[in-house]
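Please put together the full structure from these sequences, using the hints given.
Numbering (the working numbering), first residue to last: 10 to 428.
Careful: at least some of the hints might be erroneous.
Claimed, not checked - Pairs of lysine-lysine residues, derived as BS3-like cross-links and limited to a Cα-Cα distance of at most 30 Å, are as follows: (1) Lys132 <-> Lys186; (2) Lys132 <-> Lys276; (3) Lys381 <-> Lys132.
Simulated from the structure, these hints should not be mistaken for laboratory data. Computed from a predicted structure; not experimentally measured.
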Amino acid sequence: MDWLESLNTAWHGLNANKMRSGLTMLGVIIGVAAVIALLSIGQGVQESITGSISGAGSNLLFVAPGSFQLGGVETPSGSAASLTYADAQAIADPRNVPDAAIVAPEFTMQTQVIFGSANINTKVTGITPEYLAAFGMEVDRGRFISESDVSGRGTVAVLGNDAARDLFGGFDPIGQKIKVSIPGAGGGRVSLTVVGILSPQGGSRFSDPDNAILVPITTAQTKIFDGRNAQGDAVVTSVNVVVTNEERVDEITDQINTLLLRRHGFKPGEEGDFSVVSQADLLATLTQVTNILVVFLGAIAAISLLVGGIGIMNIMLVSVTERTREIGLRKAMGARKVDILTQFLLEAIILSLAGGAIGIGLGVGIALLVEKSGMTNAIITSDAVLLAVSFSVAVGLFFGIYPANHAASLRPIEALRYE
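The structure is reproduced here in structure tokens:
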């Protein structure tokens, strides 16, 4: 029996029981769809995160209290009170760090912001005027935070584009007053006048500037939050430093480290209570994390495809049992062991390939639907499709061998006697 005849026989065998064949393919369909959808979404998330970090510029350094933090997990060394506003001013002094072009400290906390019946929970960030240039932001309407706002602890605010929409809808926010809840037992609210709206920024760093509420840093530290440490010094949550020459980032990082170690009472070479992180460091760490995420999502999807393969094997074994007399009759008429083996193996491969083809369409559809919904980007790569197809064929072969071999090994006399 040639391959074409074996393929035709296998097709007719599957076509004789369409319902069973369809249910058998279901596991493979779900598995392949999961592989493509999850890998595409994982790649999209990775691209979005690394793209937003890269977009902030390779000449940007972050100084933060404690050890390097990722994903909101705070490490034991250092505390939120270990980095002060005076540290930021020292970094900005050209005698200490000559190549620091822009130094923009910030003090960020999460709280409720209210306008009328609208209420959002978002980050309120105390900043200085340098913040705008440090991140390449633009003001769409109104003005930005000024030096006089900072020195006078002005009760003014600049809203991110999405925050303005969520709070005001179609109203013009400029000149309107919002209320910011004061955390803690005392509670209360601070009234702020909206003086500016940022142009849409898109996600960057670990924050979403489109949803941010920006206020003078002195206002955030004294009127909204408790922004002082036990010694009474004004603290900051981070200091953003733009350097003049990105090729000297490592050297400038060392300058900042040396300066802050001395200011914080540490000896050279000791581990301080702060971290200086470059864009390259941040990007490398995030790439490593997102790579693990993509592999993890792919592994989860592969397990579902594996379950589909087990389903193929079970149904094929049932099919062999039901067609025992047919196998015996074919062998009695001269069919060789390899002919029976080929037929049942082809049936398993056809099931896995058909399920894979449907699964590819379903997986691509799910990925595009997720992207269209705006939840995240989805990047459908040829590698993901090729991996899914290859895995589905491998599943068909692996889980089809045992039933096919079982069918081919039946002795004609015993098979014909089977009831």
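Consistency of the hints with the structure:
1. Lys132 <-> Lys186: 17 Å, holds
2. Lys132 <-> Lys276: 35 Å, violated
3. Lys381 <-> Lys132: 27 Å, holds
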